[in-house]
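For this one, chain A is given, so just place chains B, C and D with the ligands on it according to the hints.
Chains as they are written, first to last, in numbering that gives the first Met the number 0: chain A, 0 to 367; chain B, 0 to 367; chain C, 0 to 325; chain D, 0 to 325.
Calculated from the structure, these hints are not laboratory results. Just so we're clear, the structure is a prediction, and the values are computed from it rather than from any experiment. Treat the hints loosely; a few may be bogus.
Residues of chain B clear of chain C, computed beta-carbon distances all greater than 12 angstroms [to be verified]:
no.: 1; residue: Gly-6
no.: 2; residue: Pro-205
no.: 3; residue: Ile-290
no.: 4; residue: Ala-306
In silico DSBU-like cross-links for lysine-lysine, where the CA-CA straight-line distance does not exceed 35 angstroms [as the list claims (entries may be wrong)]:
no.: 5; chain 1: B; residue 1: Lys-274; chain 2: C; residue 2: Lys-22
no.: 6; chain 1: B; residue 1: Lys-274; chain 2: B; residue 2: Lys-294
no.: 7; chain 1: B; residue 1: Lys-211; chain 2: C; residue 2: Lys-22
no.: 8; chain 1: A; residue 1: Lys-57; chain 2: D; residue 2: Lys-303
no.: 9; chain 1: D; residue 1: Lys-32; chain 2: A; residue 2: Lys-57
no.: 10; chain 1: D; residue 1: Lys-15; chain 2: A; residue 2: Lys-274
no.: 11; chain 1: D; residue 1: Lys-179; chain 2: A; residue 2: Lys-274
Note that beta-carbon positions come from the ideal geometry of N, C-alpha and C, so glycine has one too.
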Amino acid sequence: MTEPMPGPDFVQLLDPQGNRVEHPDFSYSGTDADLAADLRDMILARRIDTEATALQRKGELGLWAPLLGQEASQIGSARAVRDPDLIVPSYREHGVAWCAGIDPVDLLTTFRGTGMTDWPSRPENFHFYSFVIGTQTLHAVGMAMAQQRDGVVGNSEPEANGATIVYFGDGATSQGDVNEAFIFAASFAAPVVFFCQNNQYAISEPMVLQSKIPLYRRAAGFGFPGIRVDGNDVIAVRAVTQWAMERARRGEGPVLIEAYTYRMGAHTTSDDPTKYRASTEEDSWRAKDPIERLKSYLLRVGAIDTAWLDALASESDALAERLRAGCLALPVPTFESFFGQVYVDTPELLLRQRDEQLAYEASFEGAR
Amino acid sequence: MTEPMPGPDFVQLLDPQGNRVEHPDFSYSGTDADLAADLRDMILARRIDTEATALQRKGELGLWAPLLGQEASQIGSARAVRDPDLIVPSYREHGVAWCAGIDPVDLLTTFRGTGMTDWPSRPENFHFYSFVIGTQTLHAVGMAMAQQRDGVVGNSEPEANGATIVYFGDGATSQGDVNEAFIFAASFAAPVVFFCQNNQYAISEPMVLQSKIPLYRRAAGFGFPGIRVDGNDVIAVRAVTQWAMERARRGEGPVLIEAYTYRMGAHTTSDDPTKYRASTEEDSWRAKDPIERLKSYLLRVGAIDTAWLDALASESDALAERLRAGCLALPVPTFESFFGQVYVDTPELLLRQRDEQLAYEASFEGAR
Amino acid sequence: MTTLTMAKALNAGLRKALAAEPKVLLAGEDIGKLGGVFRVTEGLQAEFGRDRVIDSPLAESGILGTAVGLALRGYRPVVEIQFDGFVYPAFDQIVSQVSRIRFRSGGTQPMPIVVRIPYGGGIGAIEHHSESPEAYFAHTPGLKVVTPASPSDAYWMIQQAIAADDPVIFFEPKRRYHDKGEVDLDQQSADLSLFSARVVKPGTHATLLTYGPMVRTCLEAAMLAEQEGRSLEVVDLRSLSPLDDAVILESVRRTGRAIVVHEAVGTLGLGAEIAARIQQNCFYELDAPVLRVTGYDLPYPPSKVEDAYLPDLDRVLDAVDRSLSW
Amino acid sequence: MTTLTMAKALNAGLRKALAAEPKVLLAGEDIGKLGGVFRVTEGLQAEFGRDRVIDSPLAESGILGTAVGLALRGYRPVVEIQFDGFVYPAFDQIVSQVSRIRFRSGGTQPMPIVVRIPYGGGIGAIEHHSESPEAYFAHTPGLKVVTPASPSDAYWMIQQAIAADDPVIFFEPKRRYHDKGEVDLDQQSADLSLFSARVVKPGTHATLLTYGPMVRTCLEAAMLAEQEGRSLEVVDLRSLSPLDDAVILESVRRTGRAIVVHEAVGTLGLGAEIAARIQQNCFYELDAPVLRVTGYDLPYPPSKVEDAYLPDLDRVLDAVDRSLSW
Ligand SMILES: Cc1ncc(C[n+]2csc(CCOP(=O)(O)OP(=O)(O)O)c2C)c(N)n1
Ligand SMILES: Cc1ncc(C[n+]2csc(CCOP(=O)(O)OP(=O)(O)O)c2C)c(N)n1
Ligand SMILES: [Mg+2]
Ligand SMILES: [Mg+2]
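So here's chain A without its partners, still in its complex pose (with noise of 0.2 angstroms):
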């Protein structure tokens, strides 16, 4: 597969050198100090990826999942959400997080092992983390009905309809629960948004494993539209979403965002990827970093300075130091807990073994 090059078949707002270019069909309506905004969100959001790298190499998480390079696809998706849209992630979308005001030293229980996924900063309209690929695709159908059943689609009054966006990448688009979501979705015109990051690589496998063309052009075989978006151009990202949002929430249905990216790490930190890509590959990705080429723009443009990025860098600092602190400090539950936790109703099997379980560890009590 060729590199996509700018045009009406993907859409780039913002060049890697940091120019701005014109689209056809998509323009960028903020201002350079929304910009500026989204360019701290995508410095802080490496920040948290980058410490919890380093937080599983000194042993205190047992997996990360980095975004590293993605920044640009989460940030600028993410803040085309507004209430009372619905966000549904797969397991790498941290920046997406971020938006949505989870705390980040959440993010890290599930990767700890301290917990599941349920954050207590989750707001409502976040979804879990999920990691059976493609699983979450028909849940976010499944709320995308129920937005329509509540009433809020498709309204006269714009500001009071939502729709929901989901995430997943491009290895994802093979299961066969990604394929049943875009028949749902279309069959019932449900107003959701499937975000695919495409960030070249499921695992080791490269892209075109999975499909012989764009990804995007999937959706036209299912009845709805699909676009490709330069996914390391927060601008572009933005205004496609913004797009494919708005009109989801007007009730005309479903559509396909092919964010185009790159997994400029590993894929865990379980993960060797000089086993299956060249180096020389992540060194054309990286001259189209997401964060340099926004920030070269509003340097350029004087939409920041240097001091305003040392300021960013500090605070980045005191967001690292607040992850690792928090980190160290989850607290660890006890193994009973988990046992009222399965159902609403808990069964006496359940509640008997919780108390053969604590008896048990008990009659260690002296001898421990």
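Quick look at chains B, C and D with the ligands alone, frame taken from chain A:
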């Protein structure tokens, strides 16, 4: 959805009135005698079908899935198959089975409950019937991958090449498995032709519930061609299938054919179509009957005459008679025989269960 | 009291649940205009509209996956799987999602989904239409699994399942759909909790533990045994997960003998768990080992021989003989 | 003799099978260049080519479904499911197709597919990466289910599974992947049939019946018990379907006491079936009920508390105490 019109998006070579029509990309290369053979196949297939339906009504079969109305789709496509092609049916492909050389009596075992789907007359290139919707499409892709590994694809010797054709319905296109089959086929450029008989219904559910756009367009999103053919026009179906099979045999990968047809009868003998569709709709399709149109063409050009039809009617009666007799004569296997059919290497437990069962049955010998 | 078939009792229960709670939705293949292939949902779409009685695309994983999303947003989806053998495409959504969302949410997120599955054999059907897959679900933490055996239980249990905030796999014994029974439609509420077993016939010599389609078979066996002077207790488990240990163990302690009867494959069928629990809890009270009368360890066979596969009166009584003569 | 980790032993066994029989193919996610996330297939694509060691699209049902097609045409696919928790999307193909094709074909069509599944907990992983789903498959007629506990067994059993004409679900205890052991690569063939249990430590006071990752745990428990003068027999079941009843029952008849140990959820886990069989076959020989030491009836919990979930030395010995003091 509006009715498809003849044209580039809908291949038709014989119109409902029995007139030959031109198509920019497809034409018929055979003789009228070949068409007479097709007519014979269609009439006999229909006779098998109506006889089986009658047998079910008389209580001789537990169930039957009629092909009524789909004769052209089945005969036209099956006649585009030759060695070493492989055929993977769903559960309604009695006409395909007929062309593959299966004794129609064998088809009854499953529906009478005297056996599974391993029919004595089943040729090696014809897969079993499949009753879990869509699953067989993946089997077909695997078989096509086997053909690639067997070296019978894309050779310079065109006659030696083979491909796999797999049958499924419009409803099946919603199953994850079918979409995964598209993905695997595209990814490996497997020599497989996906033959979808869009008979407008999945039991009671109209096609539009599965897809708002024509089904053949699904393929493009997966990166291979899709084409819609008049499924009641045996000439067009054969031409299109020949093209697709030839392409696959050459190693150019999969094609999706949507044969636009109509299930003129019930879904199965347990079904009551009056619950979900209007008789006017049925009437409009009766006017497009695949047998009538070919018959009127052949009569007009003089390829057949009343004597020919009379002879065929007698042949048809004899076939029905043989089917009836064969049905009643189908042997009921002993229950014990099944214990040895689960595994190649039957575990002790099953042998023990079989012996217990035998001993238990024997204990009634005196009593009964 | 009204006399209803089980299918009609289920229909009435669903109608009542839909009327009582606007968040209740039905979804599945052919459940709308057609009313389901067994007509259990007949008339409900006409009455409650297409937004509440939803004909789904032909994809079981999609049906369950969207149900999860609906449930996350406060709806109470009741989905129909057309036949037992077609639940497997939805297995991942059921086992990794439906059953775990509450656990994943730290016990905060209820998942009030009911999965209705017509199950079991004896109706002369083709492959995949006569299966008894209940053990897969009873082995899965986070699910509850129930099955009614009478029209009255069907009517109440479906309503209780819909009212439950935990996911319930609701197995309907399809060969009993047309069995008739008395249902008190005027009663205010069910007389038994959804997860309780019921002694449907008291007895003293041995206990038959069974559920769903085999309850009738076991009752008939007990009647026959009665004539030979044998008093068999028949326990309808009703709930397969959780199991009502109290009722099961109390009965077996009393009779000293237990026979578990089900259609499903023997190995790792419910009988295995029940036998394991009984032998552990009634070690000294048992006069004979717990016996199992079940389907053989075969795929469900062609219908002409299904009678030999399915436990029947004779096989149950044969096991009673063996137990009593231990 | 060569010292190998279990992962390397599996790699060697797969290499030998690929070299011996051109119809053997491997397929799965990331098994090619990457050599699998556990490196079990490392180097095999380079050696045998991309037509025989196939990186599949990310779709488990697709992997199994195409394997069925390949097997129908004479190939012998060995597919990898990346982690236990990801086998469920393939459940329908496994349960309704892989396991039944032979039955459906009237016993004529072999289905020589091996499904390799790294399983079990104890590796500090996130959700879906520590499951023990073996009971689902052992309950399914038409499948065989095996699991090695040592590098030597891993090396031989994978070859035997590939040579078998029946479908085999091959569970690999992932937390033992790096355990080392002696493997005789020069030996001509395996010294034990694939479906036989093995007494890995003889004993006289009680029998520990276990498999996969828990074999090491039980052996350690037996060693400790030895120091306290208790002689425990440890049986490595190796095959979960079929179960080697002869070895199991012989041992329990000898010791009079049995404890089944596995990581999987207790309810309807393998322990249920084994307990049910033992109580039925050794009713008078048992000195205590069969006890089960298993995972609790919970979804697998977060890794910081998994040690409390998993059976360990203490829980095994506690059960031994209870059994012996019955
Ligand atoms: C059903 C399932 N199969 C396999 C896995 C193992 N797995 C985890 S991530 C991954 C690759 C996902 O790739 P992609 O969808 O492109 O998302 P990315 O990780 O690149 O963001 C795989 C195979 C899984 N989590 N779920
Ligand atoms: C997985 C699965 N779900 C449901 C069914 C029940 N069922 C049998 S046929 C059918 C409709 C199939 O429609 P279509 O694919 O259009 O094929 P047709 O019968 O019209 O030829 C359904 C829902 C099934 N066999 N398998
Ligand atoms: Mg990716
Ligand atoms: Mg159809």
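How the hints compare with the structure:
Distance check on Gly-6 (chain B): its Cβ is at least 28 angstroms (rounded) from any Cβ of chain C, clearing the 12 angstroms threshold; non-interface status holds. Not every Cβ of chain C is farther than 12 angstroms from the Cβ of Pro-205 (chain B); the closest lies at roughly 9 angstroms, contradicting the non-interface assignment. No Cβ of chain C approaches the Cβ of Ile-290 (chain B) within 12 angstroms, the least distance being about 28 angstroms, so the stated non-interface status holds. Against chain C, the non-interface label of Ala-306 (chain B) holds: every CB pair exceeds 12 angstroms, the least being about 41 angstroms.
For the hint pairing Lys-274 (chain B) with Lys-22 (chain C), the CA-to-CA distance comes to about 28 angstroms; that is within 35 angstroms, so the pair holds. Restraint check for Lys-274 (chain B) and Lys-294 (chain B): satisfied, since their Cα atoms lie roughly 32 angstroms apart, inside the 35 angstroms limit. With a C-alpha separation of about 28 angstroms, the suggested pairing of Lys-211 (chain B) with Lys-22 (chain C) holds against the 35 angstroms cut-off. Under the criterion of a C-alpha separation no larger than 35 angstroms, the hint pairing Lys-57 (chain A) with Lys-303 (chain D) is consistent with the structure, at around 16 angstroms.
Our distance criterion of 35 angstroms between C-alpha atoms is met by Lys-32 (chain D) and Lys-57 (chain A), whose separation comes to about 28 angstroms. Among the hinted pairs, Lys-15 (chain D) with Lys-274 (chain A) is consistent with the structure: their alpha-carbon atoms are about 24 angstroms apart, no more than 35 angstroms. For the given pair, Lys-179 (chain D) sits about 25 angstroms from Lys-274 (chain A) by alpha-carbon distance, which is consistent with the 35 angstroms threshold.
When held up to the earlier numbered hints, the structure conflicts with hint 2 and nothing else.
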